[in-house]
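Read off the chains here:
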Amino acid sequence: MRLDFAVLVLAGAVSLACGSSAINSAAGGGAGTGGAGAAAGGASSGTGGSLSGDGGKAGATDPSTPPIDGRPERPAWNPPIQLGTPGWEDSTEPLCETHQGSTQAFSVWADERGVSAFFSTDCNELAEETCNGTRGSALQFNDGSGWKWLSQWGTTVPRLSGLPGKALVLTGSLDGKTGIFLLQDGKLTLSYPLDDAGQAKVFGAGPELAYATVGSDVMEYRAGKWKLLQTLPEPPLALWADEQTLAVVGGNQTFLVRSGDNGKLTQIADAPAGAYTAVWGFGADDLWAGNGVGQLVHYDGKAWTITESGSHDMTGSGITALWGDAGVVYFTTFTEFGRIDDKGVELLYARDPNAPPSEPYFSPQSLWGRSASEVFLTISDERFEQYACGSAFIVWFDGKEFHQF
Amino acid sequence: MKRNYGSSWPAVAGLTVLLIAFSACGGRTSLVIDADIAASGTTSGGASGSSANAGSGATNAGRGGSTAGGAAGLGGGGAGVAGSAGAPNPPALCAGPSLFETHEVVDVWSDPAGAFVRIEGKIFANAGKGWSVLTERKGGGVGGLTGFALGPLLFYGSFDSCGINLVERSGTSRCSGAAEPVHTHVVSDDLAHAVYGERVLVYDGVFWTQRGDALGANGEVGARQVWANENTLVVAARSGVYVARGNDQPVLQAELQPSDGSEPDFTAVWGFSDDALWVGNGKGELFEFDGKRWLRRRTAQAGECAQIRHLWGSQSQLFVASESQVFSMNSGMPSTILSLPCEEASRVWGLWGNSPQDVLIAYETGLSDSECGDIHLSHYDGTQLTPR
Numbered sequence: 321m322r323l324d325f326a327v328l329v330l331a332g333a334v335s336l337a338c339g340s341s342a343i344n345s346a347a348g349g350g351a352g353t354g355g356a357g358a359a360a361g362g363a364s365s366g367t368g369g370s371l372s373g374d375g376g377k378a379g380a381t382d383p384s385t386p387p388i389d390g391r392p393e394r395p396a397w398n399p400p401i402q403l404g405t406p407g408w409e410d411s412t413e414p415l416c417e418t419h420q421g422s423t424q425a426f427s428v429w430a431d432e433r434g435v436s437a438f439f440s441t442d443c444n445e446l447a448e449e450t451c452n453g454t455r456g457s458a459l460q461f462n463d464g465s466g467w468k469w470l471s472q473w474g475t476t477v478p479r480l481s482g483l484p485g486k487a488l489v490l491t492g493s494l495d496g497k498t499g500i501f502l503l504q505d506g507k508l509t510l511s512y513p514l515d516d517a518g519q520a521k522v523f524g525a526g527p528e529l530a531y532a533t534v535g536s537d538v539m540e541y542r543a544g545k546w547k548l549l550q551t552l553p554e555p556p557l558a559l560w561a562d563e564q565t566l567a568v569v570g571g572n573q574t575f576l577v578r579s580g581d582n583g584k585l586t587q588i589a590d591a592p593a594g595a596y597t598a599v600w601g602f603g604a605d606d607l608w609a610g611n612g613v614g615q616l617v618h619y620d621g622k623a624w625t626i627t628e629s630g631s632h633d634m635t636g637s638g639i640t641a642l643w644g645d646a647g648v649v650y651f652t653t654f655t656e657f658g659r660i661d662d663k664g665v666e667l668l669y670a671r672d673p674n675a676p677p678s679e680p681y682f683s684p685q686s687l688w689g690r691s692a693s694e695v696f697l698t699i700s701d702e703r704f705e706q707y708a709c710g711s712a713f714i715v716w717f718d719g720k721e722f723h724q725f
Numbered sequence: 110m111k112r113n114y115g116s117s118w119p120a121v122a123g124l125t126v127l128l129i130a131f132s133a134c135g136g137r138t139s140l141v142i143d144a145d146i147a148a149s150g151t152t153s154g155g156a157s158g159s160s161a162n163a164g165s166g167a168t169n170a171g172r173g174g175s176t177a178g179g180a181a182g183l184g185g186g187g188a189g190v191a192g193s194a195g196a197p198n199p200p201a202l203c204a205g206p207s208l209f210e211t212h213e214v215v216d217v218w219s220d221p222a223g224a225f226v227r228i229e230g231k232i233f234a235n236a237g238k239g240w241s242v243l244t245e246r247k248g249g250g251v252g253g254l255t256g257f258a259l260g261p262l263l264f265y266g267s268f269d270s271c272g273i274n275l276v277e278r279s280g281t282s283r284c285s286g287a288a289e290p291v292h293t294h295v296v297s298d299d300l301a302h303a304v305y306g307e308r309v310l311v312y313d314g315v316f317w318t319q320r321g322d323a324l325g326a327n328g329e330v331g332a333r334q335v336w337a338n339e340n341t342l343v344v345a346a347r348s349g350v351y352v353a354r355g356n357d358q359p360v361l362q363a364e365l366q367p368s369d370g371s372e373p374d375f376t377a378v379w380g381f382s383d384d385a386l387w388v389g390n391g392k393g394e395l396f397e398f399d400g401k402r403w404l405r406r407r408t409a410q411a412g413e414c415a416q417i418r419h420l421w422g423s424q425s426q427l428f429v430a431s432e433s434q435v436f437s438m439n440s441g442m443p444s445t446i447l448s449l450p451c452e453e454a455s456r457v458w459g460l461w462g463n464s465p466q467d468v469l470i471a472y473e474t475g476l477s478d479s480e481c482g483d484i485h486l487s488h489y490d491g492t493q494l495t496p497r
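Chains as they are written, first to last, in our numbering: chain A, 321 to 725; chain B, 110 to 497.
The shape of chain B in the complex, shown without the other chains (with noise of 0.2 angstroms):
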């Protein structure tokens, strides 16, 4: 069964899947409602549902049914946003139908006076009032959506022209480097870092320039992710970790490289200081540098979905996304806030915070039988997972 409700937001219950996709087709709102979609669904529990339908877990990813514990997905979280009327009605975003069979490039920021989503080569922005196109480029196949806070987007990717946009919150965007990372990572107005190959670029404010010598030979690093601050810069790579403090060549982290000689593979890069940094690889393990050595945090994981695709925090608390799972990390604890079917249509995204009772999700359901995608967002409000 499917309804649409236009803009309001009405209250759930049973087993029902709120697929709300991101709306800015030509002004138009809709809110998609999948019913008993996941009647095939094992979820048990929905234990983090904590809204008045808590007690549906069954919408818990139940298209898949693997929902170890039904602990939130997209049911538990997701029927409590149902649930939480009266609060305005946010208008859907709708990213339109989905266009190719597999998404390429799909990615999520915010800051407190927006939430910014990448859909290929589009970008959909939302500032309170409803969502709109932003800015749309051609090409894209690899990078990203990361931004200044309060300041303009950095749109980046292989586009067919300029590899690092600069996009104002007004929609006019000029090139800001020539280079086509496949990650950056924003530490203030006049810093910023990317990666791409074995290359680590440094933005001062003005020009894009590359931050000391390669870091090894062509093609032998891939980077994937970097984070940094104003001392200490971490870069995660297909051939290991490499740290580098102040102005120094960044150094590869001999604790982070297999012993069994296996390529490390590091996929995912956090930091909160100079001594309190994560990275993950490609099996869902995670790393923690507590200032004196790494530590192993998580250990590998079964399954084809394992791999750790993004990591964020803040307030020392950290989210972590692998292929098919959003959780936090509490006390050394993961804590389950989503959890997807790990099969090709399904898939984690983005996930970008402003604190941690404010962590916006990315993510495809392969569920494309709406008008709007099968590309999603949600909210995560620290106990909830609401569907925007």
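Bound-form chain A, shown alone (with noise of 0.2 angstroms):
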């Protein structure tokens, strides 16, 4: 089933609701999903596919439209991948981001309604980075049918999340403004100011539930309304939730659940020892946690399990993701993607481990996914990073191979 969230994108125009500024999104022909015609400009032609279709309104300072990509074509994609039959449901066209500099986060997020995907740069001058005025951050939404600008924001490293079935939430700070903001029906609402976003995170457990930490502090979101659900004694690292349970870990042990509307956050005894860096949970006695050293740490409500994902990660990431369905659990690294099931686990990509810290990485950046067959993967691509669209490619995987859109 496909819901309305298009009408977000369609509606052309997305508003700041806490305050005076409006942020206008890719108003009419800023949408130019998948269009095979030039940039606006001309200047990002071919592959890339141009977001800027209208090819009229086009600039790096304007919010309506994706800024100008200068940068060569790129030539065909060969990752270390196998890729199938290009495309997803009925887009063809691959993702092209056309902001330049370091990449600071390259988030995805999904529901029944379609595939956001959030990306941002940062230009470090200092360090000579060629950006051409186009650090910034997109938000793009595909709902089957192509990829679709929907907006760019000055921006400071924002995370994408969503309420299942109704807004998206971005975390970070958007046009001067710091906080928790939802994206919905074309406004954008800063729903919970904050001093400082930082690290803040957010899980979306409903349409009118979710949690998110900031710092030490557990957050809960109920009906439009945030409260301070707890105070922990040092800020977590991830978090899962579902109606029932919500799952918070972290360093130095810490494995949190809450069951219920009420009561507080509890440490699982006995939990293995380390630092818990990604989790994800079918059930408070159904839940799965990723460690700094790569390990899979399952607890079934009375026992727990390590399996070790046979990471060989040399960057020290860590799971940095885990999403699960249908009792498979997919996770990242910052190098590697598997997933582990009643039949094991398996690396799906692996970067050599002997390869040298010099040779250009593909690591995957973001999970998210509709069902055990319907994976998606945000990559970064280094060797990429000087053609037009860049480094930022995004995958899904239907349980057998990957797919690029």
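Simulated from the structure, these hints should not be mistaken for lab results.
Note that beta-carbon positions come from the ideal geometry of N, C-alpha and C, so glycine has one too.
There is no bait here: all hints are sound.
Now the in silico label distances, taken between C-beta atoms and shown as ranges:
1) A:L446 / B:G475: 37 to 47 angstroms
2) B:D322 / A:G526: 27 to 37 angstroms
3) A:D661 / B:S464: 47 to 57 angstroms
4) B:E213 / A:E432: 49 to 59 angstroms
5) B:N327 / A:K545: 23 to 33 angstroms
6) B:L300 / A:V665: 24 to 34 angstroms
Hints given; two lone chains; assemble the complex.
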């Protein structure tokens, strides 16, 4: 079922409701998704696909359209993963991100309405990065018919998540305002202002239910209001929730669970030692966490199991993300992507651990899915930084093979 | 003068220091003898050099000339080693040229089946047939090496990947724990402890988990070492000494808090039983718990190398390693075993044994002119110190 999230796109304007300023999205022609035509100004023609198809409004400082991408045409992508038939549903043109500079965020989130991708760059001029004035952030959405440019912001490292079936959630600083933003029906609302969004993370458990970690605080969003649930001894690193259960994990063996609407987050006894960097669950008696040394830790409500993921990631990232469905849990490290199910662990992509650090990285950035056979993965492929659309790629995994879209 | 004697153990006379480095470099064994380097030394005596060359007290850390009394050091005992000809020729362990100007982690551990030395990310093993590299990991800025008697080793610290590794004697290893302890202590096959920051971890033979609550607020404890038996656990920490009985939460020992409000700075711990516990601190002080109270057994020492780095004991005999000395406590009096100059390039790194007559000491001399680096291992048999 495809709901009406596209209205948000086609409405053509995203306004910042909590304040006087308005943020315009890719109004009208801005959403030239997948259009085969040249980018605005002719700068980014060809395979990257133009997202600024109207050709008339493009400009690095115009928030309604993607910045002009003056980099050379992107050559054919030859990733170190086996690609199947390109495209996703009816979307055939690959994602193109025209902001340049160092990637600060490349997040994906999806629900039954489609897939959203948030991309953010910064430019380190001291390191003589050439960004051509195109640093910034952009949100794109694909409902199965192609990527549509929603908007761009001057921003600092926001994160993307969402309330299933309802608003998208952005955390960070957008155009001078900082906090947790909800994007719904074309309006961007500062839902919960913060002095410093820092490492704030939000997990949407339902259309009207979400949890956030802000520093050491754990917040609950219910029926439009945020409230402080609990302040932890130290900032956690990840959270997961459904309508009944909230799990929060972090360093120093932190593995907290809260069941039901009331009560406190409580440390699960005898959690194996380590720093937990990612968490996913199917209920209070079926929780998975990834730790800082690449292990997958399972709690069945009574006992713990540790499974080696097979990671040989040499960056020391540990498990960076988990997402699961139907008994399958997918995971990423900075240089790997894999899954675990009742048949065991499988690395679906892994950088050669003996590759020299100077070799460009092909690194998973973010992970989300709609089912065990429809998992989305954003990837930074550094070999393509100097080409149009840059290093940002997105693929989906159908359980057997990857597809670029 | 430097001569390479291969795997032979020559008798050494005169002003000679044996610098026998661990040799496991591709199966090659080497014994490097630096002679006459004690020329600047002032060592007097070489008292414990009970070997035929005992008189060559000048071999005792003559480089720095700081060995008080020339009690032992590398010289007295070392010469004795050379004198013990006739024993099988143990291959020397060569750790390879020093890759770094300063070392971060060197440790030693042994059981009746073998001796093991960790130098940074490498473990060298000797089960009686010579030294070889058992395993290697990247990273490892803190941590150390210990093991289960006749079982796997615990190779722990801040590695690039797993923090607590179980290494079998065959060299295969697996990740045992994801935390990054600064120290671990094994009690039995299914009981070990580890510490870092303000946390105590316990190993039950399967998992490492946190033992009780944190000892204090984040950043305010600074645990350094842990010792335990089946009933008692002791943690030496920057903030003091913590003791737990049974499953109780460790309790800060108020008696050991400095009355002047200065930082307790406890650095080492060992125990012989529930009621025979020893701790040492950064000033070189030693305290003994006799079952009723803590008693000061050694006063603060002058100098920058006073810090107690390791305590180890057996059969009620305590061995103590400071930055620059190793001594045993006999009837309350220290008896020097090894003495190094108090200088940046010299340092006692590790101390472990199987009995009072079978003690290993890993130390750094700063003499890295050999291809085997500047880390050395010596064996103490109760009377003599023998390079190994």
